[in-house]
Amino acid sequence: MTATPAFFTGDVDELFDVKNAYYIGSYQQCINEAQKVKPSSPEKETERDMFLYRAYIAQRKYAVVLDDIKGSSPPELQAVRMFAEYLSSENKRDAIVADLDKKMVKSVDAANTTFLLMAASIYYHEMNTDAALRTLHQGESLECMAMSIQVLLSLDRVDLARKELKKMQEQDEDATLTQLATAWVNIAVGGEKLQDAYYIFQEMSDKYSSTLLLLNGQAACYMAQNKWEEAEGVLQEALDKVTNRYLSQLKDAHRAHPFLKDYLAKENEFDRLSMQYAPTATA
Amino acid sequence: AAVSMGANVTPSLRLTSHRRTLSSVSGLSFHPKRPWVLASLHNGVIQLWDYRMCTLIDKFDEHDGPVRGIDFHKQQPLFVSGGDDYKIKVWNYKLRRCLFTLLGHLDYIRTTFFHHDYPWILSASDDQTIRIWNWQSRTCVCVLTGHNHYVMCAQFHPSEDLVVSASLDQTVRVWDISGLRKKNLSPGAVETEVRGISGVDLFGASDAVVKHVLEGHDRGVNWAAFHPSMPLIVSGADDRQVKIWRMNESKAWELDTCRGHYNNVSCAVFHPRQELILSNSEDKSIRVDHDRHDSGMIVFKLERERPAYAVHGNMLYYVKDRFLRQLDFNSSKDTAVMQLRSGSKFPVFSMSYNPAENAVLLCTRATNLENSTYDLYSIPKESDSQNPDAPEGKRSSGLTAVWVARNRFAVLDRMHSLLIKNLKNEIVKKVQVPSCEEIFYAGTGSLLLRDADGVTLFDVQQKRSLATVKIGKVKYVVWSADTSHVALLAKHAIMICNRKLESLCNIHENIRVKSGAWDESGVFIYTTSNHIKYALTSGDHGIIRTLDLPIYVTRVRGNSVYCLDRECRPRVLTIDPTEYRFKLALVNRKYDEVLHMVRNAKLVGQSIIAYLQKKGYPEVALHFVKDEKTRFSLALECGNIEVALEAAKALDERSCWERLGEAALLQGHHQVVEMCYQRTKNFDKLTFLYLITGNLAKLRKMMKIAEIRKDMSGHYQAALYLGDVSERVRILKNCGQKSLAYLTAATHGLDEEAEALKETFDPEKETVPEVDPNAQLLQPSPPINPLDTNWPLLTVSKGFFEGAIAAKGKAGQMAADQDMDAPGGEGWGDDAELQLDEDGFMEAQETFGEEGAVKEEGGGWDVEEDLDLPPELDIPAGGGGGAEDGFFVPPTKGMSPTQMWCNNSQLPVDHILAGSYETAMRLLHDQVGVVSFEPYKSLFMQTLSRGRTCYLGLPSLPCLRSHPQRNWKDCGAKQGLPAVGLRLSDLIARLQQCYQLTTAGRFEEAVERFRAILLSVPLLVVDNKQEIAEAQQLITICREYIVGLTMETERKKLPKDTLEEQKRLCEMAAYFTHCNLQPVHMVLVLRTALNLFFKLRNFKMAAGFARRLLELGPNPNVAQQTRKILAACEKTLTDAHQLNYDPHNPFDLCAASFVPLYRGRPVEKCPLSGACYCPTYKGQICRVTQVTEIGKDVIGLRVSPLQFR
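Listed in order, the protein sequences are those of chains Y and A. Mind the numbering: the first sequence is residues 8 to 290 in my numbering, read in order. Mind the numbering: the second sequence is residues 1098 to 2302 in my numbering, read in order.
Note that these hints are calculated values from the structure, not bench results. Any given hint could turn out to be false.
[To be verified] Distance windows between CB atoms, simulated:
id, chain 1, residue 1, chain 2, residue 2, range
1, Y, D108, A, I2292, 27 to 33 angstroms
2, Y, L267, A, I2292, 23 to 29 angstroms
3, A, E1454, Y, K248, 26 to 32 angstroms
4, A, L1563, Y, W235, 34 to 40 angstroms
5, A, E1454, Y, G240, 44 to 50 angstroms
6, A, I2292, Y, T289, 56 to 62 angstroms
7, A, R1438, Y, W235, 39 to 45 angstroms
8, Y, E244, A, R1654, 47 to 53 angstroms
Ideal placement from N, C-alpha and C gives every residue a C-beta, glycine not left out.
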């Protein structure tokens, strides 16, 4: 990750396709591109690998990541491995988090953006938003800012998310990440901004390819505008993209989806609360 | 009149036509209507050209020496020419010959013109005279003398009896010829004409008199012409000046002089419609008319005729007369949406439309490219078509401006670098691109850049080229709707590429390519100057129809081509898409479509078959061909022996059999080979065939045949194949080869035969040959198994066509089957109709309409402001994420929309959606007395799920959440209310299902459904009083049905053994008739009650039910039966038993005990459903809702914010 946008350096980012595919949720394409590209320097190679393995993580192929990244691999990749390990085994999570806490107490190499991102991701999964934001605050890359925005939005701090977004826009307004973050903030702001958010997702679909992530975003915009039929159309399109194999994977993997977690929690709450009511007389 | 100087006209000229190599052109004339131009040449030839197609139509070669004067007649198929051979010739171009020649001039003729009205020709000559001829009488009617040098030009006035002439004597003269007209064309003109012929010199002067002599040019005047409508004359002279003169009845004077040419001006004319003078000079600055210094002819277009337009979805945007107009393709509604800012003398060159922002970029191209500009306009949302707004645009310099994203556009500036600008027209980025001449749209974030010899796909964000394709001078770029394909249009070429700019095909056109559009099936439809054509991405292309005038295609849909013509009028042309659809279907191997078209469109012609054959679809063609010869060769081509055999049998030609034989042999189809050899009587080959297939019997037969045919060698050959030695000996003997016969016999041990032969030798003359002791019988060994069958072939699945054609017969049967099915369907349909009839609620639903939603909050709330300063967020000091001092304090949690929902609403559903079950339950408890929530669980959970959506942020992170709000448009940050999802109309619609279940007698299911509706009603949010009333009405309907149906279910369970029990049954049936049901159900209920009461001999009450039943208008059968029963009842109008039922005394029904609660008796009600109960049931769960407490004191149903005011 380079903090300097391409505009200033003037050079073309050789990993553009790899990164872009990753951010828009086109993980297989990201993997394909990463395997195709010939990095010009060892740093670039590490960077490429970082996206490659993160794409595998996004596909939930943790084993690939855990097997491929060795102890001798660069520290950036070690961070990726840590995240993969965290996601892959629930019972190791506490240990990983404790370990991470220790690392964070010591001074962290802020240049290792990947480490910051991975650490923040873990904290975010733990719903430790304070730690996540604190970690991200040390980084300056677009992705750090984007992640901060996501965390802030989950805290319902649209005001702060907007400030962070402004920073992103100053750095590189046209970057894919900036655009995506703009869409997230727009959805949170609502009103007229919803259409703008929709256009961002749609433009990306047009320009690259329509991925589940982008279609999901479009559907969210539609639903927020109470355009239910349109949302259904988009979601159907998304479903059509998902093969059966995928579906079963998803079902299996989504036990921990926040939506479901909430749902189950609410069911219990309902049962508990309904106990408080009873008719005065029984038949 | 403001007239611009000659030299200033130049910029608007555009070369539009090919330069053609001609002998030096001396004169030109345009056809008044057709795209024709006559060119008279220095070598005496007159050529007729179509300048649009650049083709020579005809040649007329009779003049001797240069021809300078040439003119089309305005109406007739005539033209006149005048040459250096002193001759004026009148021609008919339809008859393609010279009609006659007019002789009289004594020197070179410079110009010849027809009169626009009279049958006159005006000629100017170096003999210093101007003559007027009557081409009908073919005589000279007048000679105008006065000039004292060559007359270079003479022209009629377009409307008056005037002639203007220009001469090298430096004058321009205006002549009055009204006298001539009076004489010649008034009644009795014949006489004058006769006189005219004889007395040209005597009377000519008086017929035409000089009216004005215009002096001012310092040198010889080469040209003079009238203004088409004003009293003006323009002249051009060797003094390099163009002068404009004005005249009135009495005098003429010089008005203005245009200097600018730096050589002799040879011609100057007024533009017929615009305030322009076109002049032509030997300095070659403009070559509009004839040009003696060029060996060719160039036709110019003075102004770009191509309208600027852009298409988005069903909308066409185009510029016409300083207005931006919008055409809706579907409704054909054409409106002016805005007025453009004036100030440019150049028309709009191109347009780029941005649907997201409803903004346009209009590019205006100046002659000097560097002065080109573009305007960025935001199209007004609402506009009066009659008098549209003229919004202020943003103008900047730049060659081309194209949108690259929703809020970004690219500008190619005059330095040929690329600027990316935002909606405020501010530069965001500057991109260096190598040698770019022009930019085109290429989807979001991309551009097509044109350089000298190619087009490059360029990613603006990454600043890198993605692909390049070589094609010269692309003028227009047309993307398909899904941007999967692009057509690059150059002047004479079209290239179709895919999204990655890989060339798929190249098409060359001799005629200029004008425009194009993609049809919905992915065929590119384009126009040239005179054709509409199609191109498939495979490169196939062809003509669809011809055009009279060029058009600019905007959209193609089905067989309609939407276009703009040169006058910017939207038009729709109809085309026949069959041919290209057919080819497309072939390319895509959609053979079912192909077959359909072949069967229905009557396409089959030789051209299609030839096409199929050429394109490698002989197997397809085979099935369309009826001509046996073609069929035969196609069948051979695709190796279909069976079909070929059929065709060969029909043809029965030797050459066919031969070819078939060869083909069949290759496939080992030896039965066909045999037949072919038999047909062609090719015995040798047949014999050999039998040998190799081991068919010895037939081989022997062949031997016999050969013998009969006296084919000695064939006979012998066959014998040799068969190893039949004695036969061979016999043959040899018979043909006089005695020694060979002997040898054969001796060698193979036929001793008797050998001896006999030996004896026939004449010892004197003949020697008995020596027998080789080592000789052996050589006989081809027959195949171990004779080959009876053909060679085994791999099984090939039958092609679509074979299948389709074979299935022809079967298809008929299937159709019949379908017909058989139909009556059953109708029967089913009847049922459906019945069910439709019973909806009494449907109509009500329609009348509900959409009352204008009552706006709760004031509008005009600004999203941004509220968010910048969120005072309500209650941030602890220093906790705002301030990072200035490097110490980061994580922010506290903000207020989620769901919390606000709870604050903003007292409606239970809003609290459920917010996930606040606790408050939601309290509200339901307080409002409608819910005490048992279990049945509500699924409703709660469903509702909760509706309250939030998830979307993905960064990969591998927990997703983000959004909360759809029903007032999202104007709620702001604090006033949000959740989108409910459950609508009153949905619930009302669900009633139909319940009714159907009721009709079907599935009471328990029906009750469940009714109850589900009832329980959902408190979770509604409605906007107006009418809807509140409807919600309450819905509850009532559900209650009535639930009570009634529960009672009926209960009744059916009861025993009916004793009289008391029967009486109770009858009572309950009677009570049921007092539930408020739909008529269709009431009929059923009343019939039940009627029957029960009739059986109980309670005739009086039964009669009451019968009457009520008849009032409802049941179907005739029921009505008839009911009347019979009624008649029976009326005979003895008494009741046999006393029942707890008084039809005349109004009562409520206790929903628990099913006894009537007559008016005035104490009653307890359910707070939600309103069901009535005996007071003993107070405090229990309502039987109807199963959630509420009977007799509970509540606030009442709350389903609208209106109820809280």
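**Whether the CB-CB distance between D108/Y and I2292/A falls inside 27 to 33 angstroms** = The hint (27 to 33 angstroms, Cβ to Cβ) is violated, given that D108/Y and I2292/A are roughly 52 angstroms apart.
**Supplied distance hint 34 to 40 angstroms, evaluated on CB atoms of L1563/A and W235/Y** = With Cβ atoms ~38 angstroms apart, the hint holds.
**Prompt:** If you check the beta carbons of E244/Y and R1654/A, does the distance land in 47 to 53 angstroms?
**Reply:** With a Cβ separation near 24 angstroms, E244/Y and R1654/A fall outside 47 to 53 angstroms, so the hint is violated.
**Asked** Taking 26 to 32 angstroms as the hint, is the beta-carbon distance of E1454/A and K248/Y inside that range?
**Response** Between E1454/A and K248/Y, where Cβ atoms are some 29 angstroms apart, the hint holds.
**Prompt:** Falls inside 56 to 62 angstroms, the C-beta gap from I2292/A to T289/Y?
**Reply:** The hint (56 to 62 angstroms, Cβ to Cβ) is violated, given that I2292/A and T289/Y are roughly 24 angstroms apart.
**Asked** For the pair L267/Y and I2292/A, does the Cβ-Cβ distance stay inside 23 to 29 angstroms?
**Response** Cβ of L267/Y to Cβ of I2292/A: about 35 angstroms, so the range 23 to 29 angstroms is violated.
**CB-CB spacing for G240/Y and E1454/A relative to the 44 to 50 angstroms hint** = violated, 24 angstroms
**Item:** Range agreement (Cβ of W235/Y with Cβ of R1438/A, hint 39 to 45 angstroms)
**Value:** The hint (39 to 45 angstroms, Cβ to Cβ) holds, given that R1438/A and W235/Y are roughly 42 angstroms apart.
Taken one by one, the earlier hints fail for this structure at numbers 1, 2, 5, 6 and 8, listed in ascending order.
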